[in-house]
Amino acid sequence: MPELPEVETVRRSLEPLLVGARISHVELRRDDIVAGDRSAAALLEGASVASIARRGKQLALIAGAEGRRPGRVLVVHLGMTGQLVHHPSARDLSASTHVHALWSFDGGGVLSFRDPRRFGGLWTLADATELRARWSLLGPDGLDVTGAMLRERAGESGRAVKAALLDQGVVAGIGNIYADESLHRAGIRPTRLCRRIRGAEWESLAASIVGVLGSAIRAGGSTVRDYVGGTGRPGAAQRAHAVYGRGGEPCLTCGRPLRSMSLAQRTTVWCHSCQR
DNA sequence: ATCAGAGCCTGCCAGC
DNA sequence: TGCTGGCAGGCTCTGA
0 MPELPEVETV RRSLEPLLVG ARISHVELRR DDIVAGDRSA AALLEGASVA SIARRGKQLA
60 LIAGAEGRRP GRVLVVHLGM TGQLVHHPSA RDLSASTHVH ALWSFDGGGV LSFRDPRRFG
120 GLWTLADATE LRARWSLLGP DGLDVTGAML RERAGESGRA VKAALLDQGV VAGIGNIYAD
180 ESLHRAGIRP TRLCRRIRGA EWESLAASIV GVLGSAIRAG GSTVRDYVGG TGRPGAAQRA
240 HAVYGRGGEP CLTCGRPLRS MSLAQRTTVW CHSCQR
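The opening residue of the first sequence carries number 0 in numbering that gives the first Met the number 0; numbering runs sequentially from there.
Worth flagging that the hints you see were computed from the coordinates, not collected in a lab.
Among these hints, one or two may not hold up.
Simulated restraints on C-beta separations [to be verified]: (1) E14 with G247: 18 to 26 Å; (2) D105 with G213: 31 to 39 Å; (3) R275 with S38: 50 to 58 Å; (4) R116 with R21: 30 to 38 Å; (5) G247 with P69: 35 to 43 Å; (6) C253 with A64: 50 to 58 Å.
All C-beta atoms, glycine included, are put in the ideal place defined by N, C-alpha and C.
Let's have the full structure, built from the sequences with the hints guiding it.
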């Protein structure tokens, strides 16, 4: 399930393949995945990709300006099961199911948006100004967050700290996995109310978030539940999970069994001994 | 202000 | 073998 590290991994892998390339044709197979203008031009047909940006879990393909007309923007959210994949040839896609949109590039190469559960989607924006407006609703990116930012945005709140971490307006890019992992690393219980968290703890939490997300990016962002590598072994990031998916198993720090509960409608795992 | 709950959607898995 | 039910979760909406 793509959270910030997975989305950033996708961004980095697509950047050298797409930037500078011109989209010759767009095929939209089901239009209910698009919010906004669904025309081919809005989906960047005929445009060249100038850059690929990311904020939190959202990706943005930004088209180059044409004359005085600013480049359009296509925002991609992968939801839970979304995949944005570049294929050298359209033939590679013949066996794929749940492919909802395809972008063909001059000189070959196809980008596919595949999303079985369709929790993700596409948003067509007129220009970068609309993108800034959209992203202004998000909190700071998880890779840039500081204790002061968390405290300012959640410090007075009476909600559980985990609920605040999942709120994209507080900090952008954290989902269920990295919320639990960050709180464990910081030694803070997910149920702690924000207003009961001290300044030094916000700093510790921010550092934990940056550290956890950074490690996951370095591991290639492989956090899919049943992820296995090409040799059938579990992926590095999956093995690195200290608490996520490990309810009832021993805490890697103290050995006591990890507890599990539902908080903010999410399965939540923590160590009652290491987290206070 | 914050919560729980429902809904969207499909793949997977345990249990019958 | 094949069905059913539960679970997973990002995000949004409703009602308490």
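Verification of the supplied hints:
no.: 1; hint: E14 with G247: 18 to 26 Å; result: violated (41 Å)
no.: 2; hint: D105 with G213: 31 to 39 Å; result: holds (36 Å)
no.: 3; hint: R275 with S38: 50 to 58 Å; result: holds (54 Å)
no.: 4; hint: R116 with R21: 30 to 38 Å; result: holds (31 Å)
no.: 5; hint: G247 with P69: 35 to 43 Å; result: violated (54 Å)
no.: 6; hint: C253 with A64: 50 to 58 Å; result: holds (56 Å)
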